[in-house]
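So the sequence lines, in the order shown, correspond to chains P and Y. Take 2 as the starting number for the first sequence in the working numbering and just add one per residue. Take 55 as the starting number for the second sequence in the working numbering and just add one per residue.
To be clear, the hints were calculated from the coordinates, so they are not data collected in a lab. Treat the hints with care, as some may be off.
Examples of chain P residues lying across from chain Y (beta carbon under 7 Å, computed) [to be verified]:
(1) 76
(2) 79
(3) 100
(4) 101
Since we're looking at a predicted model, the values are computed, not measured. Yeah, the Cβ is synthetic: ideal placement off N, Cα and C, and Gly gets one too.
Residue-level listing of the chains:
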Amino acid sequence: MLQIKNLTVSSGSKKILENIELEINENEIHVLMGPNGAGKSTLCKSILAHPSLKKEGIITFNGKDILNEKTDKIAKEGIYYIAQSPMEIEGVKNTELIRTALKEKNEPMDIFTFNKEYKNYAEILKIPKDFIHREVNVNMSGGEKKKNELLTMLFLKPKLILLDEIDSGLDVDAVKVVAKVLKEYQRQTKCAIMLISHQEMLLKLLEPTHVHIMMNKTIIKNGHKELINEILEKGFAEFSRDLL
Amino acid sequence: MSKEEEIIISKTHENIYINKDVTITKWVFPKHSFSCNIFLDDNVCFTSKQLLNIAGINGTIQFYSNKKTTLKLQLGIIFKGKNCLEIRNILAKNNSNSVIKIHAWQEDEEETILKTEGVIAENTKANNFLEEIKVLNDKNHKITCIPNLVVSSNEASANHNVTIKTFTEEEIFFMNTKGISQKKAQEIIKEGFLNSMLQ
């Protein structure tokens, strides 16, 4: 599904990522772990072609070269991204954002169907139904913003979901709800998920199939869920010793 | 209950007298230069909350607030072409409340000058004045804001602020990640910016 080969990402003259190699297939859950500043968020943003980042290398999605594609085109191909701190967009209601996004995908939805589906998704995610009329992420708690972003995702039906610390701001119950929604969505669609997280509970619930450790601007180790326990027990210093 | 009215400015010098609560549903401006004085009688509440399209105007709207008047002017304004608009509010008596909030956008590469002024007269008491101007700017579009406060009373509360913002890279990127193109993203953000004034 997603193939990244020899990817180097720079911001201005500064190299932030080097020699990134990654392959994500459908129905997989990948978790990206690493110390702060390792470049995990940058990797997600670079896949979505953030304008501040310059890339060299290969990124393909479902066989299509997306290295030099624009963000909105990449999103329409089926990659959805939830940032660590989702933007607030004053004056723009959730309903308007989602319906516009659907229209841009040539999948317009009439207001009645939209309202019905919104209520359904809001109930699943346990967010107030009046969010439909609220401005996008404005005056919402961190956790509410994340759930709001997930609700949008359910409408857009992506094939690959990139989650940057989705657990931050979520209470214990909300973590369970989010994990359940993601697992169910994956079961229905066979989508792939890549998340950045170090939260034990969320990782236990999601049961990642692949684990990657990022340090020193690159992925230094790949493994499976046993690697998570090793990291949580020993920390990242253990792995940085291997680099020396 | 407030009466719904339209403000139609047709003469070069226009005087309008408001002696009961009123909600303005429409503004009409002339093509020529104008100066319009709106006199608010004691205890009157004047409300105007709408989106305006203004093209090629050059004029002044001056409110004169009497005792215990309430002025609520909340406008989203789309300017086209060259414009010069001045809005003044003179609080000449006591116990008046005045709120002027404007969100403005220049549609093209011409320039608009937007002047706003609050004047609280000497020997007056317990007047409150708030002026908030927000401008959304795009590359070569220009709105020059000139806010002003003249407070001659020792017993008044007066605040004004002007914010100039543009389309930020992160806002556009956020919209793009939802599959929304740059052009559409700017359109939605602009509409949201103007309409947020009306909420």
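Okay, the hints, checked on the actual structure:
1. 76: 4 Å, holds
2. 79: 9 Å, violated
3. 100: 11 Å, violated
4. 101: 6 Å, holds
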